[in-house]
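Protein chains: 2
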Amino acid sequence: MTNNAVILLSGGLDSATCLAIAKAAGYTCYCLSVDYGQRHCTELGAAVKVAASLGAAEHKIIKLDLSAIGGSALTDDTIEVPETMAEGIPVTYVPARNTIMLSIALGWAEVLGADHIFAGVNAVDYSGYPDCRPEFIAAFEQLANLATKAAVEGRAIKIETPLIQLSKADIIRLGTKLGVDYSQTVSCYQADKQGQACARCDSCKIRQQGFADAGTPDPTAYQ
Amino acid sequence: MTNNAVILLSGGLDSATCLAIAKAAGYTCYCLSVDYGQRHCTELGAAVKVAASLGAAEHKIIKLDLSAIGGSALTDDTIEVPETMAEGIPVTYVPARNTIMLSIALGWAEVLGADHIFAGVNAVDYSGYPDCRPEFIAAFEQLANLATKAAVEGRAIKIETPLIQLSKADIIRLGTKLGVDYSQTVSCYQADKQGQACARCDSCKIRQQGFADAGTPDPTAYQ
Numbered sequence: 001m002t003n004n005a006v007i008l009l010s011g012g013l014d015s016a017t018c019l020a021i022a023k024a025a026g027y028t029c030y031c032l033s034v035d036y037g038q039r040h041c042t043e044l045g046a047a048v049k050v051a052a053s054l055g056a057a058e059h060k061i062i063k064l065d066l067s068a069i070g071g072s073a074l075t076d077d078t079i080e081v082p083e084t085m086a087e088g089i090p091v092t093y094v095p096a097r098n099t100i101m102l103s104i105a106l107g108w109a110e111v112l113g114a115d116h117i118f119a120g121v122n123a124v125d126y127s128g129y130p131d132c133r134p135e136f137i138a139a140f141e142q143l144a145n146l147a148t149k150a151a152v153e154g155r156a157i158k159i160e161t162p163l164i165q166l167s168k169a170d171i172i173r174l175g176t177k178l179g180v181d182y183s184q185t186v187s188c189y190q191a192d193k194q195g196q197a198c199a200r201c202d203s204c205k206i207r208q209q210g211f212a213d214a215g216t217p218d219p220t221a222y223q
Numbered sequence: 224m225t226n227n228a229v230i231l232l233s234g235g236l237d238s239a240t241c242l243a244i245a246k247a248a249g250y251t252c253y254c255l256s257v258d259y260g261q262r263h264c265t266e267l268g269a270a271v272k273v274a275a276s277l278g279a280a281e282h283k284i285i286k287l288d289l290s291a292i293g294g295s296a297l298t299d300d301t302i303e304v305p306e307t308m309a310e311g312i313p314v315t316y317v318p319a320r321n322t323i324m325l326s327i328a329l330g331w332a333e334v335l336g337a338d339h340i341f342a343g344v345n346a347v348d349y350s351g352y353p354d355c356r357p358e359f360i361a362a363f364e365q366l367a368n369l370a371t372k373a374a375v376e377g378r379a380i381k382i383e384t385p386l387i388q389l390s391k392a393d394i395i396r397l398g399t400k401l402g403v404d405y406s407q408t409v410s411c412y413q414a415d416k417q418g419q420a421c422a423r424c425d426s427c428k429i430r431q432q433g434f435a436d437a438g439t440p441d442p443t444a445y446q
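Heads up: the sequence lines are chains A and B, in that order.
For the first sequence, position 79 (counting from the first letter as 1) is numbered 79 according to our numbering, and the numbering increases by one without interruption.
In our numbering, each residue's number is its place in the second sequence (first place is 1) plus 223.
Hints in this document: simulated from the structure, not taken from any laboratory.
Glycine residues also receive a C-beta, built at the ideal position from the N, C-alpha and C atoms.
Certain hints may be false.
Example chain A residues on the side facing chain B (calculated, C-beta under 7 angstroms, incomplete) [what the hints assert, rightly or not]:
| no. | residue |
| --- | --- |
| 1 | K23 |
| 2 | D35 |
| 3 | C41 |
| 4 | L64 |
| 5 | I104 |
| 6 | P134 |
Within a straight-line C-alpha distance of at most 25 angstroms, the following computed SDA-like cross-link-like pairs (lysine to any residue) qualify [claimed, not checked]:
| no. | chain 1 | residue 1 | chain 2 | residue 2 |
| --- | --- | --- | --- | --- |
| 7 | A | K149 | B | A361 |
| 8 | B | K286 | A | A138 |
| 9 | A | K63 | B | A361 |
| 10 | B | K246 | B | G351 |
| 11 | B | K372 | A | K149 |
| 12 | B | K286 | A | Q165 |
| 13 | B | K416 | B | I429 |
| 14 | A | K149 | B | Q446 |
| 15 | A | K149 | B | K246 |
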């Protein structure tokens with residue numbers, strides 16, 4: 001038994017809050033970011049700052065070029081990031097992204113002897129993403145408990161998604177209480193090289209509304 | 224509805240047979256290999272030959288550096304590849320490898336509109352690997368059917384593992400009938416740069432025994 005946990009850290013607002021929650025719960029936090037060829041690669045720089053300021057034990061950035069597969073506005077330059085909220089599953093959805101990231105986290109968790117994986121998925125604001133739903137997380141946990149040597153040896157893996165039912169405003173209130181510096185985080189799908197946000201994409205709009213609803217000043221740097 | 228299938232192709236004997244089966248069943252085959260930092264990277268060269276000679280529609284090699292995570296003799300240079308068969312889960316097990324590869328295949332399948340993913344996993348010879356068991360595959364299929372936009376839209380994904388209950392000899396007999404050129408495949412965990420096998424590791428021993436049991440001449444080039 002260790003107190004290790006793997007935290008999926010994108011560099012956005014949600015995953016930073018998730019790390020703060022894991023840290024406050026007493027876990028030794030191993031942060032994992034995936035450089036998957038995302039447009040908004042400045043979020044990886046944000047992840048480095050967030051991991052350091054919240055006291056991660058280690059932070060790994062693993063490269064996996066999902067742009068080779070395409071199919072998303074976030075990895076395919078020929079698909080535009082939309083600036084109006086659409087019905088249904090948005091074009092910013094990256095095929096199987098959370099499945100892939102959780103799988104890599106599972107591999108690292110096994111090496112570390114970590115029984116907990118934290119992911120900042122949220123079913124409220126991003127209800128359009130199939131891989132942010134509670135039933136998806138439950139199915140991944142079931143898979144994880146068959147997939148590994150640890151599982152065969154009887155050690156259960158738990159997928160922790162403490163934000164899954166929270167509103168953006170709730171997440172911001174909680175993170176602020178736990179000392180998250182949201183000025184370090186980048187949510188924008190088309191942030192510039194300095195990490196400054198566009199204020200126009202879905203992700204920016206949801207974030208702005210979240211700060212407004214939480215009654216907290218928005219520290220985001222806009223272009 | 225398409226007739227597309229994604230085939231996980233390592234360059235080994237099993238996945239080559241799996242591709243031949245999918246092809247014979249009439250699928251348009253999109254082959255996926257993962258360059259995960261494996262010692263035996265000559266198997267990727269083998270995958271290129273196999274995909275070409277069996278008429279794959281496309282072959283993608285995606286890079287994901289699992290050696291950053293370590294924990295296996297196949298990705299960590301400090302762990303020796305054993306030359307005696309051990310009880311239990313071998314040190315050549317790569318943490319969460321099949322979960323990760325199936326996840327990437329799932330992402331590509333979604334982009335291609337493919338409803339079938341073929342994986343040459345085998346529960347007989349590699350019973351020591353937890354992620355080669357039928358219950359693992361069933362759990363992954365369940366996950367896949369919650370994870371994707373396609374699933375939300377009602378399109379079911381099927382994970383096909385036609386070799387899962389076959390012996391190595393049965394696999395070789397079937398592949399030979401379907402025209403697989405096994406001299407192109409590399410199974411050895413420590414093959415040299417020319418793809419020549421060591422004849423000493425577990426994987427070599429299982430392969431040699433398979434050809435012997437099938438009564439088929441072994442076309443493998445040994446060091």
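Of the numbered hints stated previously, which ones are contradicted by the structure, given in increasing order?
-> Of the numbered hints, 1, 2, 3, 6, 8, 9, 10, 11, 12, 14, 15 do not hold.
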